[in-house]
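Turn these sequences into a full structure, and let the hints steer you where they fit.
Per my numbering: the sequence shown = residues 7 to 98.
If you're looking for bench data, these hints aren't it; they were derived computationally from the structure.
Just so you know, not all the hints are guaranteed correct.
Straight line, CA to CA, 16 Å or less: simulated EDC-like cross-link-like pairs of lysine to aspartate or glutamate [what the hints assert, rightly or not]:
id: 1; residue 1: Lys89; residue 2: Asp75
id: 2; residue 1: Lys43; residue 2: Glu72
id: 3; residue 1: Lys95; residue 2: Asp75
id: 4; residue 1: Lys89; residue 2: Glu47
id: 5; residue 1: Lys94; residue 2: Glu60
id: 6; residue 1: Lys77; residue 2: Glu92
id: 7; residue 1: Lys94; residue 2: Asp75
id: 8; residue 1: Lys64; residue 2: Glu92
id: 9; residue 1: Lys77; residue 2: Glu91
id: 10; residue 1: Lys64; residue 2: Asp29
id: 11; residue 1: Lys94; residue 2: Glu63
id: 12; residue 1: Lys95; residue 2: Glu47
id: 13; residue 1: Lys77; residue 2: Glu44
id: 14; residue 1: Lys36; residue 2: Asp75
id: 15; residue 1: Lys77; residue 2: Glu88
Computed spacing ranges between beta-carbons, pair by pair [claimed, not checked]:
id: 16; residue 1: Glu60; residue 2: Glu13; range: 39 to 49 Å
id: 17; residue 1: Lys43; residue 2: Lys77; range: 38 to 48 Å
id: 18; residue 1: Arg51; residue 2: Met31; range: 54 to 64 Å
id: 19; residue 1: Lys21; residue 2: Gln59; range: 30 to 40 Å
id: 20; residue 1: Ile46; residue 2: Lys77; range: 37 to 47 Å
id: 21; residue 1: Glu55; residue 2: Ile22; range: 40 to 50 Å
id: 22; residue 1: Leu97; residue 2: Gln59; range: 11 to 21 Å
id: 23; residue 1: Gly41; residue 2: Glu20; range: 37 to 47 Å
id: 24; residue 1: Arg51; residue 2: Arg26; range: 29 to 39 Å
id: 25; residue 1: Asp11; residue 2: Gly61; range: 52 to 62 Å
id: 26; residue 1: Gly84; residue 2: Ile19; range: 44 to 54 Å
id: 27; residue 1: Glu55; residue 2: Arg26; range: 36 to 46 Å
Just so you know, even glycine gets a beta-carbon here, dropped at the ideal spot from N, CA and C.
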Amino acid sequence: VEKVDEEILIECIEKILPERREDLMTLAEKWRREGIKEGIERGIREGREQGIQEGIEKAALNALREGLDVKLISRLTGLSVEKIEELKKKLN
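Put into structure tokens, the structure is as follows:
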């Protein structure tokens, strides 16, 4: 939520429920912390997935260096033939 949006939201809350402002602010802080936590978890998950992908590509490059067939590497790694051909170009 942008800063301006936050200010408008707070003003609206104060007008509607001035006596519950503190409770609502506590709830907003809880949501903010949960959002931060979710963002961190997502970042870790995406980083892990990226690391796995890089490992698969490294294995494919090693297999290419050893002279294995592109179609065989594709079956073993799950990478597309096109992706392996792309990696093969990096070797040259």
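Evaluated hints:
1. Lys89 - Asp75: With Cα atoms ~13 Å apart, lysine 89 and aspartate 75 stay inside 16 Å; holds.
2. Lys43 - Glu72: violated, 44 Å
3. Lys95 - Asp75: Judged against 16 Å, a Cα distance of about 14 Å means the pair holds.
4. Lys89 - Glu47: With a Cα-Cα distance of about 29 Å, the restraint between lysine 89 and glutamate 47 is violated, given a limit of 16 Å.
5. Lys94 - Glu60: holds, 15 Å
6. Lys77 - Glu92: holds, 13 Å
7. Lys94 - Asp75: holds, 11 Å
8. Lys64 - Glu92: holds, 13 Å
9. Lys77 - Glu91: holds, 10 Å
10. Lys64 - Asp29: Status violated; Cα separation ~52 Å.
11. Lys94 - Glu63: It holds: about 11 Å lies between the C-alpha atoms, which stays within 16 Å.
12. Lys95 - Glu47: Violated: lysine 95 and glutamate 47 sit about 35 Å apart, past 16 Å.
13. Lys77 - Glu44: Between lysine 77 and glutamate 44 the Cα gap is close to 39 Å, so the pair fails against 16 Å, i.e. violated.
14. Lys36 - Asp75: violated, 54 Å
15. Lys77 - Glu88: Cα-Cα ~10 Å, so holds.
16. Glu60 - Glu13: 39 to 49 Å: holds, 43 Å
17. Lys43 - Lys77: 38 to 48 Å: Hint holds: Cβ distance 44 Å, inside 38 to 48 Å.
18. Arg51 - Met31: 54 to 64 Å: violated, 30 Å
19. Lys21 - Gln59: 30 to 40 Å: violated, 50 Å
20. Ile46 - Lys77: 37 to 47 Å: Between isoleucine 46 and lysine 77, where Cβ atoms are some 40 Å apart, the hint holds.
21. Glu55 - Ile22: 40 to 50 Å: Given range 40 to 50 Å: holds, Cβ gap about 43 Å.
22. Leu97 - Gln59: 11 to 21 Å: The hint (11 to 21 Å, Cβ to Cβ) holds, given that leucine 97 and glutamine 59 are roughly 18 Å apart.
23. Gly41 - Glu20: 37 to 47 Å: violated, 22 Å
24. Arg51 - Arg26: 29 to 39 Å: Holds, at about 36 Å.
25. Asp11 - Gly61: 52 to 62 Å: violated, 41 Å
26. Gly84 - Ile19: 44 to 54 Å: Given range 44 to 54 Å: holds, Cβ gap about 51 Å.
27. Glu55 - Arg26: 36 to 46 Å: holds, 42 Å
When held up to the earlier numbered hints, the structure conflicts with 2, 4, 10, 12, 13, 14, 18, 19, 23, 25 and fits the remainder.
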